[in-house]
Every structure is written in C-alpha cells, then in structure tokens.
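Q: Take these sequences, add in the hints, and give me the full structure.
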Amino acid sequence: MSPIDSWGGTAAVFTGAGTAWPVIFTIVAVALFVGFLVVMINHEKHAYVSMLKHEPVEKGPAVEGEPRAY
Amino acid sequence: MTPEDTLASMEAVITDLFYWVSIALMICIHAGFLAYEVGASRSKNVLAAAMKNLLTFSVVIATFFFFGWWFYNAFYAFPVGAIDSATAALPWSDDMGPNSTSVTGIFWGAFALFAATTGSIMSGAVLERIRTSSFLILTTVLGSVVWIIGAAWAWHGSGWLLTEWGWHDFGAAGCVHLIAGAFTLGVLINLGPRAGRFIDGKAITIPPHNLPLTMLGLMLIFVGFFGFLMGCVVYTNTGYFSIFGNETNLSAIAFSTLMGLAGGILGAYVSSKGEPFWTISGGLAGVISVAPGMDLYHPALAFIIAVVGGLIVPSIGKLIEKFGIDDVVGAVSVHGGCAVYGLVVSGFVLWGYPNLEGMPAINPLGQIGGMLVLTALGFIPGYLISLALKKAKMLRIPAEVELAGLDLSEVPATPYPEGIPVTTLKSDAEV
Numbered sequence: 083m084s085p086i087d088s089w090g091g092t093a094a095v096f097t098g099a100g101t102a103w104p105v106i107f108t109i110v111a112v113a114l115f116v117g118f119l120v121v122m123i124n125h126e127k128h129a130y131v132s133m134l135k136h137e138p139v140e141k142g143p144a145v146e147g148e149p150r151a152y
Numbered sequence: 041m042t043p044e045d046t047l048a049s050m051e052a053v054i055t056d057l058f059y060w061v062s063i064a065l066m067i068c069i070h071a072g073f074l075a076y077e078v079g080a081s082r083s084k085n086v087l088a089a090a091m092k093n094l095l096t097f098s099v100v101i102a103t104f105f106f107f108g109w110w111f112y113n114a115f116y117a118f119p120v121g122a123i124d125s126a127t128a129a130l131p132w133s134d135d136m137g138p139n140s141t142s143v144t145g146i147f148w149g150a151f152a153l154f155a156a157t158t159g160s161i162m163s164g165a166v167l168e169r170i171r172t173s174s175f176l177i178l179t180t181v182l183g184s185v186v187w188i189i190g191a192a193w194a195w196h197g198s199g200w201l202l203t204e205w206g207w208h209d210f211g212a213a214g215c216v217h218l219i220a221g222a223f224t225l226g227v228l229i230n231l232g233p234r235a236g237r238f239i240d241g242k243a244i245t246i247p248p249h250n251l252p253l254t255m256l257g258l259m260l261i262f263v264g265f266f267g268f269l270m271g272c273v274v275y276t277n278t279g280y281f282s283i284f285g286n287e288t289n290l291s292a293i294a295f296s297t298l299m300g301l302a303g304g305i306l307g308a309y310v311s312s313k314g315e316p317f318w319t320i321s322g323g324l325a326g327v328i329s330v331a332p333g334m335d336l337y338h339p340a341l342a343f344i345i346a347v348v349g350g351l352i353v354p355s356i357g358k359l360i361e362k363f364g365i366d367d368v369v370g371a372v373s374v375h376g377g378c379a380v381y382g383l384v385v386s387g388f389v390l391w392g393y394p395n396l397e398g399m400p401a402i403n404p405l406g407q408i409g410g411m412l413v414l415t416a417l418g419f420i421p422g423y424l425i426s427l428a429l430k431k432a433k434m435l436r437i438p439a440e441v442e443l444a445g446l447d448l449s450e451v452p453a454t455p456y457p458e459g460i461p462v463t464t465l466k467s468d469a470e471v
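For the record, the sequence lines run as chains A and B. So the first sequence is numbered by the numbering used here: it starts at 83 and just counts up by one. So the second sequence is numbered by the numbering used here: it starts at 41 and just counts up by one.
By construction, these hints were calculated from the structure, which means they are not laboratory data. Keep in mind the model is a prediction, meaning the values are calculated, not measured. Hints are not guaranteed to be accurate.
Said to hold, decoys possible - Using 35 angstroms as the maximum straight-line C-alpha spacing, the simulated DSBU-like pairs for lysine-lysine come out as follows:
(1) B:242 - A:135
(2) B:313 - B:431
(3) B:313 - A:135
As the list claims (entries may be wrong) - Derived coverage of chain B by chain A (criterion: at least 3 residues anywhere in the stretch with Cβ under 8 angstroms from a Cβ of chain A; other residues may be distant):
(4) 144-151
(5) 432-442
Claimed, not checked - Over 10 angstroms on every C-beta distance to chain A, these chain B residues come out as not near it, computed from the model:
(6) 54
(7) 56
(8) 236
(9) 280
Glycine included, every Cβ here is placed at the ideal spot set by N, Cα and C.
A: What follows is the structure, given as structure tokens:
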C-alpha cells in the first residue's frame with residue numbers, strides 16, 4: 083500500500099494515498115463506530131432489563147466487595 | 041541545506057510543537073471534567089459519570105475526523121454564500137494523513153480537542169439520569185456538527201459573522217461556550233430533573249459525593265484552559281495573530297486569563313457567600329466573561345468584567361432552577377450565561393476597534409446579533425434532537441435504575457469497594 087518508491091519529493095505518504103484505499107478505510111472505520119453504538123445500546127438495554135427483573139447483570143458469583151443485588 | 045531552508049524547517053517544527061503542546065494541555069480539560077463530574081455525582085453514579093466522559097472524548101474525536109473538520113472548512117460562508125466543497129478536509133483527502141507538505145493534522149487535532157470540550161460541557165449538566173447512548177448521540181451532534189458550524193461562522197478568518205458584522209471573539213466564548221450552553225439547555229428541558237431534585241416545586245439540593253474532587257477537577261480545567269487559549273492563537277513565522285487576523289501574543293492572553301480567573305473567583309465568592317462549588321466555578325465564569333476580548337482588554341478591565349461575571353453566575357443558576365431545570369454542574373449558567381454577558385459587554389467595550397481591511401469594525405450590534413445567532417444555533421438542535429429521543433423513550437434511564445444508581449446496572453465495576461457506600465437502595469432513601 084505504499085504510495086511512494088523513494089523519499090525524494092514526496093507529499094502524502096500515508097498508506098494507500100492517491101488510491102481508493104483511504105475511502106475504504108474510512109467506510110470501515112465509520113462502520114466500526116456505528117457498531118460500537120449498537121453494542122452500547124444493547125448493553126444498556128440488557129443492564130436495565132436485568133436490574134428491573136432483580137437479576138444480576140453479569141453471570142457468575144459476585145466479586146468480593148461488589149454491592150448486593152438490587 | 042541553505043540557511044533559508046534550515047529556517048523554514050525550524051519554523052515548521054515550532055508551529056507543530058506550538059499546537060502539539062496546546063493539544064496536550066487541552067487534555068487536562070477532559071481530566072478535569074472527569075474529576076469534576078465524578079465528584080459532583082452521588083456515590084451510586086461515580087463510575088458511570090467517568091465512563092461517560094471517557095466515551096465523550098473518544099466519540100467526538102472519531103466523528104470529528106469523519107465529518108467535523110469538513111464542516112469547519114465548508115461552512116464559513118453559510119448562509120450568506122455558497123457551501124465550499126472543502127474536498128481537502130474530507131477524511132480520504134491527501135491532506136488528512138501523514139504528509140511531507142501539510143501540517144493539517146496538528147490544526148485538526150487542536151480543533152478536535154475544542155470539539156470534545158463542548159461535549160464535556162454538556163456532560164456534567166445531564167449527570168445521573170441520561171442514557172449514555174443518547175448522550176453520545178447528542179454529543180456527536182454538538183461536538184462534530186453544531187459547534188463546528190458555529191466556529192466556521194464565528195471563529196474563522198473568512199467567517200460570515202466577521203466579514204459581514206465585524207464580529208470579534210478571541211477566546212471562542214460564542215462558538216464553544218455559548219453554543220454548548222444553549223444546546224445543553226435544550227437537552228435539559230426535555231430530560232427533566234433528577235428524581236427528588238424538586239419536591240412540590242421547591243428545589244432540593246442534592247449534594248455532590250466528593251466536593252474536594254470537584255474542586256480539584258476545576259483546577260485541572262484551569263490548567264487546560266491555557267492550552268485552549270494557546271490554541272486560540274494563530275502562530276506563524278511572522279508572529280502571533282488572533283483567528284480574526286489581528287496581531288496579538290501570548291503575553292496579552294496571560295494577562296487576561298489570570299486576571300479573569302482571579303476576578304471570577306472573587307466575584308463568585310462574594311455572591312455565593314463563600315459556597316465552594318460556585319466560588320471555584322467563578323474562575324471559569326471569569327475567563328469565559330473576558331474571552332471575547334482577552335487579546336485587547338487592559339488587565340484591570342478584564343478583572344472588573346470577570347468580577348461581575350463571577351458575581352452574576354450563581355444568580356443565573358438560581359434563575360434556571362426556578363424553571364424546574366436541573367443543571368447539576370451549572371454548565372448553562374457558567375458557559376452559556378457568562379458567554380452571553382461577555383459578548384454583550386465586549387460589543388460596547390471594544391466598539392470601534394478595527395478588523396482587517398474591508399471588514400466592519402467591532403460594534404455592539406454585531407456582537408449582540410452574533411450572540412443571538414449562536415444561541416439559536418445551539419439551542420434549536422439540542423432541543424429538537426433530545427425531544428425526538430424522548431419521544432422514542434431513548435433519552436432517560438428507567439426510574440428504578442435511577443433510584444438504584446447507574447454503577448449498579450451498566451458499569452461492571454465497583455468504585456469504592458471498601459469505603460464510601462456504593463449505592464442508595466430503596467430502603468435507604470427515595471432520592
């Protein structure tokens with residue numbers, strides 16, 4: 083993905099400069115960002131539903147010092 | 041390499057370094073907001089407050105790369121002229137990456153930190169009852185769309201508020217503080233107060249769980265402000281300029297920033313009768329009050345303006361409270377209220393100062409008109425988007441979760457396992 087053959091007279095030196103790759107990188111990066119938002123919304127929903135049902139949010143025994151289940 | 045080449049190379053290095061230091065110092069603002077909000081929360085919401093700050097930082101920086109920087113470069117003439125295509129600011133352009141001929145990254149970085157600051161300003165006001173996901177959607181709109189359009193209009197060498205109305209706002213009181221404060225007000229109206237904050241219409245104080253941490257956080261924000269204001273200076277090989285093109289230097293900013301801090305703290309101490317939260321918030325109030333003209337004010341005048349800013353800020357907070365609005369950290373009063381005050385005052389005090397050739401001189405109508413434009417630019421999207429989130433039942437956490445605390449539900453960790461009580465249960469209290 084190198085856009086240059088030597089360091090003489092260079093301008094943009096980043097991976098894929100001057101090709102379609104930066105567009106693809108950007109699209110994938112935005113998709114990852116949207117994925118983060120989706121995961122976070124699901125995590126919130128799961129946490130709130132668990133709490134309303136008086137169930138532990140996480141599986142397994144409570145770690146020492148953790149608060150008792152609501 | 042000729043001496044001229046060496047000199048040009050060193051100038052580029054110093055420019056890079058100047059903004060690099062500014063970026064690093066501005067991260068102190070975010071460390072400060074984190075400490076401030078953690079301290080201002082009750083012990084049942086401590087880690088959720090910290091996580092919200094951390095995610096604000098990440099979300100705004102990422103989206104500012106995806107589209108925020110483009111807005112700044114494309115919208116400076118809007119709505120008077122056409123939208124510039126600003127192709128060099130698109131995330132896949134040759135300018136937006138490691139480059140031998142362009143220093144775009146260092147300017148983008150400084151602006152990204154300004155953007156994250158707007159999100160942090162809103163963050164404290166909505167503590168303890170907003171859904172983190174909806175907050176992040178709102179902070180993306182504020183940090184990577186709304187404020188940066190305001191910056192293109194009001195904090196740009198070709199921005200239409202400058203070229204058409206003679207606008208002057210050295211320290212970004214309008215595009216950062218006012219827009220963030222107005223946007224936050226719009227969100228708070230739809231979000232509603234914390235449970236127990238108002239009983240039979242009477243405001244009940246919900247004390248922060250760690251006021252010393254809150255005060256330390258504000259001191260960190262003060263440190264960060266030196267980076268913020270350093271980033272407001274355009275450093276070139278021919279000297280320092282404001283973003284509006286007039287000559288200035290760091291010496292001017294040192295006078296005004298320190299006198300603003302001092303005056304604001306003293307003013308707020310007097311009007312709040314020594315209440316620690318408002319007294320230290322007075323420091324921010326003072327700096328924001330003098331921000332529009334801090335490249336031009338005499339230090340003693342900056343002190344006077346800041347004292348008045350500090351004097352009025354608790355009253356603005358009380359006024360907002362009378363409308364049943366719960367602003368946990370006083371963000372609307374400190375950032376929005378003092379920016380309004382500072383911009384109006386600057387219109388009269390700086391009246392007649394020239395702008396660059398061909399542009400109107402600084403004048404009261406330009407400053408007040410610009411203030412109204414930026415208030416609307418912040419408030420309207422904040423209100424409408426939060427209203428849409430509210431209608432979709434995405435804005436606020438469930439009442440039971442609010443009562444038990446966010447740390448017990450969405451954060452898989454415990455803030456103080458051996459010390460401060462972690463949460464308030466139903467049997468303990470209703471607030």
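Q: Determine for every hint whether it applies to the structure shown.
A: Structure-based check of all given hints:
| no. | hint | result |
| --- | --- | --- |
| 1 | B:242 - A:135 | 33 angstroms, holds |
| 2 | B:313 - B:431 | 41 angstroms, violated |
| 3 | B:313 - A:135 | 46 angstroms, violated |
| 4 | 144-151 | violated (count 0) |
| 5 | 432-442 | holds (count 4) |
| 6 | 54 | 22 angstroms, holds |
| 7 | 56 | 16 angstroms, holds |
| 8 | 236 | 18 angstroms, holds |
| 9 | 280 | 28 angstroms, holds |
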